[in-house]
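Colleague: Sequence:
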Amino acid sequence: MPDHIPSAGTTLARRTALVTGAGQGIGAAVAEALAAEGAHVVATDRTAEGITKLAAEWVGRPDRQGRRDRQDRRERQDRRGRQDRQGADAEGAITARVMDVTDAASVEAVVADTEDTHGPLDILVNVAGILRPGPAAALTDADWADTFAVNTSGVFHTSRAVTPRMAARGGGSVVTVGSNAAGVPRTGMAAYAASKAAAAMYTKCLGLELARSGVRCNVVAPGSTDTAMQRALWTDDEAPRRVIDGDPATYRTGIPLGRIAAPRDIAEAVLFLVSDRARHITMQELYVDGGATLR
Numbered sequence: 019m020p021d022h023i024p025s026a027g028t029t030l031a032r033r034t035a036l037v038t039g040a041g042q043g044i045g046a047a048v049a050e051a052l053a054a055e056g057a058h059v060v061a062t063d064r065t066a067e068g069i070t071k072l073a074a075e076w077v078g079r080p081d082r083q084g085r086r087d088r089q090d091r092r093e094r095q096d097r098r099g100r101q102d103r104q105g106a107d108a109e110g111a112i113t114a115r116v117m118d119v120t121d122a123a124s125v126e127a128v129v130a131d132t133e134d135t136h137g138p139l140d141i142l143v144n145v146a147g148i149l150r151p152g153p154a155a156a157l158t159d160a161d162w163a164d165t166f167a168v169n170t171s172g173v174f175h176t177s178r179a180v181t182p183r184m185a186a187r188g189g190g191s192v193v194t195v196g197s198n199a200a201g202v203p204r205t206g207m208a209a210y211a212a213s214k215a216a217a218a219m220y221t222k223c224l225g226l227e228l229a230r231s232g233v234r235c236n237v238v239a240p241g242s243t244d245t246a247m248q249r250a251l252w253t254d255d256e257a258p259r260r261v262i263d264g265d266p267a268t269y270r271t272g273i274p275l276g277r278i279a280a281p282r283d284i285a286e287a288v289l290f291l292v293s294d295r296a297r298h299i300t301m302q303e304l305y306v307d308g309g310a311t312l313r
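Residue 19 is where the sequence shown starts when you use our numbering, and the numbers rise one by one after that.
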């Protein structure tokens, strides 16, 4: 299966996107998918290692050899402040920026600098998230606060910084990557599920308020996905099979499609929602979980 299923053309050419939590997993897959469709993606994370590697690997991809000069030229033009996006190279690009979504000042600074350097933001994808597993009544104050700081307040900080700019220009698209746990209780995941439910509802309320401004806001709700976060929950070699087949001990029904999602599966859903193919879709929550929630 390819990393990204390309469309007939560069559907996001000359658009600028900001992706949080892009250092690994779903965030990295989203950044790559957007860039593959022609967007200039500003990939952010709280540390530099993952996003720096992502940007370097994008430039060095075999299908991009011979195109590096064009990206270098675009970056030189950006540094000189040439903002003529209509005449810009339609080739996708990934730029790495360190940003802590829990720090509102950091978010505002990166958003402002991104627009000054790369042009107005057309797309925001909120992916940054953490998981602090534990029994609901045994969570510490720090577990609860840290989870909400990233998963909920992080979405609030980035959306507050970006969407007024989008609304003033008359359009844009926001996608928050939530979780199917926001709609189905999970044992040992109370803080995570609650934080994702809050982020999803915030995104939908934002979409309602901004609809007349042309800004669409949607949620993608993954189920179990093959990421470092998911693998950290597995305690033995049979854990993936229990996720797929279901586990009565944790009241889980399993995955009807019979496999755990790959990050690219989530990225494709995001790509659809930010594209013009979804131009009449807003305030919706798209479950990408292989049927696990039986919705």
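Any given hint might turn out to be false.
What the hints assert, rightly or not - Straight-line alpha carbon distances no greater than 20 Å define the calculated SDA-like cross-link-like pairs of lysine to any residue that follow: (1) Lys222 <-> Pro266; (2) Lys222 <-> Gly137; (3) Lys222 <-> Ala185; (4) Lys222 <-> His298; (5) Lys71 <-> Ala246; (6) Lys222 <-> Phe290.
What the hints assert, rightly or not - Now the in silico label distances, taken between C-beta atoms and shown as ranges: (7) Thr70 <-> Thr253: 31 to 41 Å; (8) Asp121 <-> Met247: 14 to 24 Å; (9) Glu75 <-> Gly189: 24 to 34 Å; (10) Met247 <-> Arg178: 49 to 59 Å; (11) Arg79 <-> Ala130: 46 to 56 Å; (12) Glu227 <-> Thr70: 14 to 24 Å.
The hints are simulated quantities; they were obtained by calculation from the structure and are not laboratory data. Here a beta-carbon is modelled for each residue, glycine too, at the ideal position from N, C-alpha and C.
Colleague: Now tell me if each hint is right for this structure.
Modeller: Verification of the hints:
1. Taking the CA atoms of Lys222 and Pro266, the gap is about 33 Å. The hint is violated against a cut of 20 Å.
2. With a CA separation close to 26 Å, the supplied pair Lys222 and Gly137 exceeds the 20 Å bound.
3. Straight-line distance between C-alpha atoms of Lys222 and Ala185 comes to about 15 Å, which keeps the hinted pair within the 20 Å bound.
4. A hinted pair counts as satisfied when its Cα atoms are at most 20 Å apart, and Lys222 with His298 qualifies at roughly 14 Å.
5. Pair hint Lys71 plus Ala246 holds up; C-alpha atoms about 17 Å apart against a cutoff of 20 Å.
6. Restraint check for Lys222 and Phe290: the C-alpha separation of about 17 Å stays at or below 20 Å, so the hint holds.
7. Range check, Thr70 to Thr253: Cβ separation about 32 Å, and the 31 to 41 Å hint holds.
8. Between Asp121 and Met247 the CB atoms are about 21 Å apart, so this pair conforms to the stated range of 14 to 24 Å.
9. Checking the proposed 24 to 34 Å range against Glu75 and Gly189 shows it holds: the Cβ atoms sit about 31 Å from each other.
10. Between Met247 and Arg178 the CB atoms are about 25 Å apart, so this pair departs from the stated range of 49 to 59 Å.
11. The hint said 46 to 56 Å for the Cβ distance between Arg79 and Ala130, and at roughly 30 Å that hint is violated.
12. Restraint check, Glu227 to Thr70: a C-beta distance of roughly 36 Å breaks the suggested window 14 to 24 Å.
When each numbered hint is compared with the structure, violations occur for hints 1, 2, 10, 11, 12.
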